[in-house]
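Colleague: Here are the chains, one letter per residue:
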Amino acid sequence: MNGIAPRARLLSAFILILAVVSLRGLMAQGAALGLALILALLSGQAVKPLLHRLAHVEGFMALLLLMLPFTVPGPPLASLGPLNVSAEGLLRALGIALKVNAAVLLGFALLGAVEPVRLGHAARRLGVPVRLVQLFLFTTRYIELFRDEIRRRREAMRARAFVRRSSLHSFRSYGNLAGMVLVRALEKAQRVEEAMRCRAFDGRLPAIGLDDRGRGEIACPALALFAGAALVLLDRMP
Amino acid sequence: MTALFTLDAITVSRGGKRVLDGASLTLHEGERLALVGPNGTGKTTLLRSLIGLETVDRGTLTAFGVQPRGEKDFRSVRARAGYLFQDADDQLFCPTVIDDVAFGPLNLGLSPRAAAEKARETLAQLHLSHLCDRITHRLSGGEKRLIALAGVLAMEPEVLLLDEPTNALDDGHYRRLLEILTDLPVAMIIVSHDRLFLHRLATRVVALRAGKLLPAAFHSHPHTHDHLHIHVEGDIAHRH
Numbered sequence: 012m013n014g015i016a017p018r019a020r021l022l023s024a025f026i027l028i029l030a031v032v033s034l035r036g037l038m039a040q041g042a043a044l045g046l047a048l049i050l051a052l053l054s055g056q057a058v059k060p061l062l063h064r065l066a067h068v069e070g071f072m073a074l075l076l077l078m079l080p081f082t083v084p085g086p087p088l089a090s091l092g093p094l095n096v097s098a099e100g101l102l103r104a105l106g107i108a109l110k111v112n113a114a115v116l117l118g119f120a121l122l123g124a125v126e127p128v129r130l131g132h133a134a135r136r137l138g139v140p141v142r143l144v145q146l147f148l149f150t151t152r153y154i155e156l157f158r159d160e161i162r163r164r165r166e167a168m169r170a171r172a173f174v175r176r177s178s179l180h181s182f183r184s185y186g187n188l189a190g191m192v193l194v195r196a197l198e199k200a201q202r203v204e205e206a207m208r209c210r211a212f213d214g215r216l217p218a219i220g221l222d223d224r225g226r227g228e229i230a231c232p233a234l235a236l237f238a239g240a241a242l243v244l245l246d247r248m249p
Numbered sequence: 044m045t046a047l048f049t050l051d052a053i054t055v056s057r058g059g060k061r062v063l064d065g066a067s068l069t070l071h072e073g074e075r076l077a078l079v080g081p082n083g084t085g086k087t088t089l090l091r092s093l094i095g096l097e098t099v100d101r102g103t104l105t106a107f108g109v110q111p112r113g114e115k116d117f118r119s120v121r122a123r124a125g126y127l128f129q130d131a132d133d134q135l136f137c138p139t140v141i142d143d144v145a146f147g148p149l150n151l152g153l154s155p156r157a158a159a160e161k162a163r164e165t166l167a168q169l170h171l172s173h174l175c176d177r178i179t180h181r182l183s184g185g186e187k188r189l190i191a192l193a194g195v196l197a198m199e200p201e202v203l204l205l206d207e208p209t210n211a212l213d214d215g216h217y218r219r220l221l222e223i224l225t226d227l228p229v230a231m232i233i234v235s236h237d238r239l240f241l242h243r244l245a246t247r248v249v250a251l252r253a254g255k256l257l258p259a260a261f262h263s264h265p266h267t268h269d270h271l272h273i274h275v276e277g278d279i280a281h282r283h
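Chains as they are written, first to last, in this note's numbering: chain A, 12 to 249; chain B, 44 to 283.
Do not rely on the hints blindly, as some may be mistaken.
[As the list claims (entries may be wrong)] Listed below are the simulated DSBU-like cross-link pairs for lysine-lysine, each with C-alpha atoms no more than 35 Å apart in a straight line:
1. A/Lys199 x B/Lys161
2. B/Lys161 x B/Lys115
3. A/Lys59 x A/Lys199
4. B/Lys60 x B/Lys115
5. B/Lys115 x A/Lys59
6. A/Lys199 x B/Lys115
7. B/Lys255 x A/Lys59
8. A/Lys199 x B/Lys60
9. B/Lys60 x B/Lys161
10. B/Lys255 x B/Lys60
[Claimed, not checked] Partner residues aside, some chain A positions facing chain B, computed with beta carbon under 7 Å:
11. Arg163
12. Phe173
13. Ser177
Note that these hints are calculated values from the structure, not bench results.
As the structure is a computational prediction, the values presented were derived from the model and not from experiment.
The C-beta atom is built at its ideal place from N, Cα and C for all residues, glycine as well.
Assemble the whole structure, with the sequences as input and the hints as a guide.
Modeller: Okay, structure coming up:
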């Protein structure tokens, strides 16, 4: 899958994820997850970061999955005191879990190896509003800066013999750290904006012609369209 | 004379590049060691490895008579060796000056009251009491540097590690810093490009070259040049 043009990847991911989120039946949802898993493994990227990302998603999902079986009305399967677990809710929770994981895996498989800058430019060429692209590009640029900022501050804390404990002092220190990182981020943003304005920034970033060519400009989205249609058909067939 | 820090042929890498390569050094009690060398030769890396912010790949590091291994051992080293960061902004993170100066003493186990007392005392010693309740990120650059130093000194370190302490200081804050450091009885390693500052303060000079530390010396010879300075009043007649 190397050498496929970023915009072809972006378009394909968009088509496939759109198809996945429209699926209703468990069978098609399971098939989508299977397809996504195969694509992720075929993409030839390291598995460890993938698992790391999935762990974040699962943590986020856990709350929803715990709530749904209890809150969706339907004939009760089992009851926990005054709470009823509905089959309807259980199915919906399972469906959401399958679809979200499939979408994340698809994103990872198709976009994981593309540099954010290239992804931004590819999105611009596909007609995504320039403001959104700018927001995306600035975000990716500054995540690293943030991480660096937090790392340096934590080092400075450690240099003054700070040890993480579950004490009021620890909590307060972390609160201060978070607050100061936010304040500094705002100041930094203002300084950067000033510096950009000094270099005649007028709100528009010139699109630098990054090389966006690659293989599969047509074939890849076509294949995605085909797979997406197949999934939807499988879902809607009686 | 007791050795506070001893480096024996240490190797330290940063970002896959070997920055220190067989560097050896001993810092004795009461010594003020100037560490010089061009940008990017690893002066900051050397300071950071003394307190375990960088990992020593090879060679031995002895701090206060023990060889620290791992984060836990380095905690007690950091409690005794105060590190002044190159950028004071990295160091100050509490909302107010008093909070920030009290942060170290709190980490050393003082009660909040005792820590605040210690912070006030330190600020008073440095003639900085007037900044006590100020917001840290609104201080001027020079004030930030001095408050960062106060935060370190409040922990009563036995060694001070100073990374470019005079960077971007105006004359007033520069003199204040020089006075404070001259009066301190603790051992220091001073990384700086400011020869005059080092000459006023240091008792010994070492230079970092190609990952190794070499003994160096101050050299002074008569040399005349114009004394460039700025008068607020403009180019008026005056005497020196």
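Colleague: So, for every hint listed, does it hold in this structure?
Modeller: Going through the hints against the structure:
1. A/Lys199 x B/Lys161: holds, 33 Å
2. B/Lys161 x B/Lys115: Holds - the C-alpha atoms of lysine 115 of chain B and lysine 161 of chain B are around 25 Å apart, at most 35 Å.
3. A/Lys59 x A/Lys199: Distance of about 33 Å is within 35 Å: holds.
4. B/Lys60 x B/Lys115: Roughly 26 Å between the alpha carbons, so the hint for lysine 60 of chain B and lysine 115 of chain B holds.
5. B/Lys115 x A/Lys59: holds, 28 Å
6. A/Lys199 x B/Lys115: holds, 34 Å
7. B/Lys255 x A/Lys59: Outside the cut-off at roughly 38 Å; violated.
8. A/Lys199 x B/Lys60: holds, 30 Å
9. B/Lys60 x B/Lys161: violated, 42 Å
10. B/Lys255 x B/Lys60: holds, 14 Å
11. Arg163: Arginine 163 of chain A check passes; min Cβ-Cβ to chain B is 5 Å, inside 7 Å.
12. Phe173: At about 5 Å, which falls below the 7 Å cut-off, the nearest Cβ of chain B leaves the hint on phenylalanine 173 of chain A intact, so it holds.
13. Ser177: violated, 15 Å
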